[in-house]
Amino acid sequence: MSSQARAAVALLFPALLMISVFYLLPVAGAVVLSVTDFDIYSIGDASNTRFVGAANYGALLESPLFWKALTNTLYFSLVAVPLTVLIALGAALLLNAKLARFKALFRTIYFAPVVTTIVAVAVVFRYVYHARVGLLNQLLDLIGIAPIDWLGDARWAMPALILLAVWRNFGYAAVIFLAGLQNVPDSLYEAARIDGAGPLRQFWHVTLPELTPTFVFVGVITGIGFLQIFAEPYVMTPDGGPLNATLTIVMLMYREGFRWWNMGYAAAVAFVLFALVMLATALQAFMRRAR
Amino acid sequence: MSKSPSLQVSESPRSVPRTPRRLGDSTTRRLLSILIHFLLILGAIATAIPLLWMLSASFMPQGEATSFPPRLLPSRFTLEHYGDLFTRLSLGRAFLNSLFVALIATLASLLFNSMAGYAFAKLHFRGRASLFAFLLAALAIPAQVAMLPLFLLLKSLGLVNTYAGVLVPYVATIYGMFLVRQFMVSIPDDLLAAARVDGASELRIYWSVVLPVARPVLATLAIFTFMSAWNDFMWPLIILTDDDKYTMPVAVANLVGEHALDLELMMASAVLTVIPVLTLFFVLQKQYIAGMMAGSVKG
Numbered sequence: 102m103s104s105q106a107r108a109a110v111a112l113l114f115p116a117l118l119m120i121s122v123f124y125l126l127p128v129a130g131a132v133v134l135s136v137t138d139f140d141i142y143s144i145g146d147a148s149n150t151r152f153v154g155a156a157n158y159g160a161l162l163e164s165p166l167f168w169k170a171l172t173n174t175l176y177f178s179l180v181a182v183p184l185t186v187l188i189a190l191g192a193a194l195l196l197n198a199k200l201a202r203f204k205a206l207f208r209t210i211y212f213a214p215v216v217t218t219i220v221a222v223a224v225v226f227r228y229v230y231h232a233r234v235g236l237l238n239q240l241l242d243l244i245g246i247a248p249i250d251w252l253g254d255a256r257w258a259m260p261a262l263i264l265l266a267v268w269r270n271f272g273y274a275a276v277i278f279l280a281g282l283q284n285v286p287d288s289l290y291e292a293a294r295i296d297g298a299g300p301l302r303q304f305w306h307v308t309l310p311e312l313t314p315t316f317v318f319v320g321v322i323t324g325i326g327f328l329q330i331f332a333e334p335y336v337m338t339p340d341g342g343p344l345n346a347t348l349t350i351v352m353l354m355y356r357e358g359f360r361w362w363n364m365g366y367a368a369a370v371a372f373v374l375f376a377l378v379m380l381a382t383a384l385q386a387f388m389r390r391a392r
Numbered sequence: 117m118s119k120s121p122s123l124q125v126s127e128s129p130r131s132v133p134r135t136p137r138r139l140g141d142s143t144t145r146r147l148l149s150i151l152i153h154f155l156l157i158l159g160a161i162a163t164a165i166p167l168l169w170m171l172s173a174s175f176m177p178q179g180e181a182t183s184f185p186p187r188l189l190p191s192r193f194t195l196e197h198y199g200d201l202f203t204r205l206s207l208g209r210a211f212l213n214s215l216f217v218a219l220i221a222t223l224a225s226l227l228f229n230s231m232a233g234y235a236f237a238k239l240h241f242r243g244r245a246s247l248f249a250f251l252l253a254a255l256a257i258p259a260q261v262a263m264l265p266l267f268l269l270l271k272s273l274g275l276v277n278t279y280a281g282v283l284v285p286y287v288a289t290i291y292g293m294f295l296v297r298q299f300m301v302s303i304p305d306d307l308l309a310a311a312r313v314d315g316a317s318e319l320r321i322y323w324s325v326v327l328p329v330a331r332p333v334l335a336t337l338a339i340f341t342f343m344s345a346w347n348d349f350m351w352p353l354i355i356l357t358d359d360d361k362y363t364m365p366v367a368v369a370n371l372v373g374e375h376a377l378d379l380e381l382m383m384a385s386a387v388l389t390v391i392p393v394l395t396l397f398f399v400l401q402k403q404y405i406a407g408m409m410a411g412s413v414k415g
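If you're matching them up, the sequences are chains A and B in order.
All residue numbers for the first sequence refer to the numbering used here, where the first residue is 102 and numbers rise by one.
All residue numbers for the second sequence refer to the numbering used here, where the first residue is 117 and numbers rise by one.
The shape of chain A in the complex, shown without the other chains (with noise of 0.2 Å):
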């Protein structure tokens, strides 16, 4: 082995084992604990553990639970994403203006959520949704809204965890817009110019077309994240919320498994959400080859 090998191998050893350990090796086990009745009896003794096939998955499937678990988490990610990234798409237009002044600032402070702590914006958001004293419905009783009891209701507690994650995450969205419309080259513009097009159409015909890559994996990032949300529905409505309108797969996944200790069946769970995060990638990669 030359010499380069062998350090590389002392160089690797400490992150692949831990990885290999911690991290691969725990992925493999539940696929195993996916087809086993892994439950509270086996945690006591492992041998009460069988061997059970797709019982689990089958179970799933029959369970309203998680059909409603599923439809909220799908809820939640196709109405959070387009509203993400269309406001996100807005900031960075304006935050690009050349009339804009202080950008750095305008650009920190829309980004400034994107690094706080969830289960602390959520308690902050728990307040600003209380239907009583609650600021949104403070404010809105200024232009005349009636109270809305926003985390109670079941109508009303999906929007309001959908409006605290746009909040939360556009600005990241932002500045990845930022760069992408600083990269669309000078002269295209200048060539649309000289066609005589005007400022909207050279956005429509320009600026849009250069940014679809961004939009793919703007979407598809926060997309990603937003099919895992738990600490906001945790926090904000425990126990699933109104008639369970906030529980979520991965909130799912936490009650089956860690508070009942049905492991196997959250296992199944927690595949469901591998399965629905390997679509979101595999649209990305869709979208890249269509281009």
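These are calculated hints, taken from the structure and not from any lab test.
All C-beta atoms in this analysis are idealised placements derived from N, C-alpha and C, irrespective of residue type, glycine included.
There may be inaccurate statements among the hints.
What the hints assert, rightly or not - Just so you have them, the derived chain B footprint on chain A, three or more residues with Cβ under 8 Å:
#1 108–117
#2 192–201
#3 215–225
Since the structure of chain A is already known, use the hints to place chain B on it.
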């Protein structure tokens, strides 16, 4: 190395050949400028208000934030809720737990990921490309998939409810290795060759030649690791069972169950939770955003 576009929002130099100004052009520009700034300020207010309200309410006497008509500023500035959190509710303990976990995670991640990242970037060995591609593919697996078996594994190792158990997912990460590798690929090979000619061993080159040059990416990795370890909720919630080991997010989520009606107190706990990460971001945002851009260009 993927290019990391500088985010110094520069005045773009694209306004070179201008058609002669028409009459009224400057009025349009002024109106447009007002509109742009109106929207920018509106966005800034909507973004900042929840955080400012959190801060302001945390200093209000008990019950004032929920009084009617609503108050935006405290009538009397008080630190009693912070005092309560540190004494009666022992949130100081959780703060120190979080600080300890985040700092150890950062140090370990810097060491392990820089070692592996360097090997992937600069050392030649058989199977390098396919090993790296395999790890990148594994990056797409959501972390929650590993959590159930990882819990059982740590249980069998006696690491449930220990700091080591919390730390396990942060110390070596595929993303961290990727980030470091992307940066180190652009280190000139001549630099390493010169050190080899001088007779330096490979490990010596890593430590005394490569690490000093890689300081920018190490800073980025440090910020990312600290923040994700500080902010993480689900894993500490799973692995920690005693409140004297709780990290801030777990302690605060626990507190809101018992003190839901005590708005000012909960706001103070939220302030304590976000202050370290927000401060870190405000001070080091250039490194943070540059690293985010470098890491976001996959492959």
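Query - Non-conforming hints, listed in increasing numerical order - result: No numbers; nothing is violated.
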